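Participant: Listed here are the chains, written in short residue letters.
2 protein chains.
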Amino acid sequence: MSYVLAVDVGGTKLAAALVDEAGRLTGYRRMATPSGPYVGADDLWRALVELLDEVTGRVVPVGVGVGCGGPMIWPDGDVSPLNIPSWRRFPLRARLADRYPGVPVRVHNDAVCVAVAEHWRGAGKGHRNVLGMVVSTGVGGGLILDDRLITGASGNAGHVGHIVVEPEGPPCACGGRGCLEAVARGPGLVAWAQAHGWRTGEEMTGVDLAADARRGVPSAVRALRRAGGALGVAIASATHLCDLDVVAIGGGLSQAGAPLFGPLAAALRAHARMPFAARVEVVPAALGQGAGLVGAAALILAGDRYWPAP
Amino acid sequence: MSYVLAVDVGGTKLAAALVDEAGRLTGYRRMATPSGPYVGADDLWRALVELLDEVTGRVVPVGVGVGCGGPMIWPDGDVSPLNIPSWRRFPLRARLADRYPGVPVRVHNDAVCVAVAEHWRGAGKGHRNVLGMVVSTGVGGGLILDDRLITGASGNAGHVGHIVVEPEGPPCACGGRGCLEAVARGPGLVAWAQAHGWRTGEEMTGVDLAADARRGVPSAVRALRRAGGALGVAIASATHLCDLDVVAIGGGLSQAGAPLFGPLAAALRAHARMPFAARVEVVPAALGQGAGLVGAAALILAGDRYWPAP
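Residue numbers (the numbering used here), protein chains in the order written: chain A, 1 to 310; chain B, 311 to 620.
Far from chain A, some chain B residues (derived; all Cβ distances over 12 Å):
| id | residue |
| --- | --- |
| 1 | G346 |
| 2 | P347 |
| 3 | D353 |
| 4 | D388 |
| 5 | S396 |
| 6 | G511 |
| 7 | V593 |
| 8 | G600 |
| 9 | A612 |
For each label pair, taking beta carbons as the anchor points, the in silico distance ranges come out as:
| id | chain 1 | residue 1 | chain 2 | residue 2 | range |
| --- | --- | --- | --- | --- | --- |
| 10 | A | P34 | B | A588 | 31 to 37 Å |
| 11 | B | E591 | A | E203 | 42 to 48 Å |
| 12 | A | E203 | B | D457 | 45 to 51 Å |
| 13 | B | R339 | A | V62 | 55 to 61 Å |
| 14 | A | D76 | B | R525 | 48 to 54 Å |
| 15 | A | Q289 | B | G485 | 35 to 41 Å |
| 16 | B | E591 | A | R215 | 46 to 52 Å |
| 17 | B | G572 | A | V62 | 52 to 58 Å |
The hints are simulated quantities; they were obtained by calculation from the structure and are not laboratory data.
Keep in mind that this is a model prediction, so the values were computed, not measured.
Each residue gets a CB set at the ideal place from its N, CA and C atoms; glycine is no exception.
Bound conformation, chain A alone (with noise of 0.2 Å):
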């Protein structure tokens, strides 16, 4: 048996697995990722590497698949996740083939690898055009057209969460205005429940949220209802330009269901009317915490799809 070594770098956890070709998980651990003002880049990276050699133990990997925070340059694998501040052009792919030598090691966005993977395995299987979006902390996503990724001009397609949904909307942290992220991401949600009678507390996430709109507390319902509008203004665009088969929706704010997808489905029906917009399909994502590894386990197992020579 031979495995791709998958690892999942993320401001708040860091996480690998071996993966079979089946896309099956073995060996699988996971940390907080090391913060604060003493943690400097070279001690993340022997942190990775101890987790990384617990996974493999006496197993030589046929390759290295990575995802992780953006930005970074692509395909170069030089990382600056939002989250991690201790990597600005971290060379995470360069550090990775210095220790894995001889093997292909392939880094893409952590979003852009659930993509993959639901495309892969999950719940855009079989289908050719696929838009695999992550509603979390912030709003990610990944573009398979034609059964290829997208990577686009600088490997930074698939931003689905920067579609314009309020051109007067909400400022949005990247510094322009009324993205489906300004709207639809959990924390900002979660301010917009509490200004609207949401209970209070710091510590409120957007799954607690998720948890009170499918207990059917009105103010939590409001506030998915309103990123259930926004994501569908955003899907019906991208159906409309890139004329999808299949979006798959995960992330925390994803488990609210009915709540979420009640809104979505009618505003997407408003917006998207010609057949071939209307025919497209909105479903859950399928393979939940582990799809960031089994996508960045296809990046090598599946390379001909999901990594375009750049």
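Starting from the known structure of chain A, fit chain B onto it as the hints suggest.
Facilitator: Relative to chain A, chain B alone:
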């Protein structure tokens, strides 16, 4: 020398020419599209055949490429152009294949052909990720990513005119609301300008409006500012999703020049702030009236990029 027969079928005119491998047109002919209550599907077909016979003379083309108003069943080439009521599911590709046996016959959306032409030989040449737009009676387009024409699930990718720019905006002919086309299409913009003091008259078109805007007529300038703002928002959305290099804009309204492109650039700057998106170039289309024929020919002459195996 071998030639492709290139054909452009629109509600206003039929045009055709022979195109060589360098994209040069010879034998160009055009005629007004026969229309009216007594023009049947076969009358229109016979008029087209006569035009094509004039163009080809004794030349036997190595293929036939056609741009036609949508919608259509792609790749079958059964066409139902909105502006040609006598053709509903007319088997244009099959009829042409009977008439030009043994050579490929390929039919695609006319705006897609313009986008293909701009990528192949025009303003997008040398770039791998290009959105071509036609801003005219409608707003159409075509999408080239990683150097290949994107067809999408049903051949309908590139419907940039239905990116949503104002979720609560004016109703659109597609049945939706607030689409780019609803705001920026020529006739809609003329009506808006006339409601805001521009010269009245039923004969006024987007081209007249563009000319007045260039002369500084205030109501025309305001109308073009409105269109430019909507275009900037739509292009920001498309760039975030697809990571574009270049957007090439043609069609009658684009002749306004600065009164359109200035407000467009301002809206784009306001909404596309991340470095990868801010670097997108928006340029006027380079090929003018013949673009549709050049792109139709490219469906044959550069089929590896522009006619992905369906």
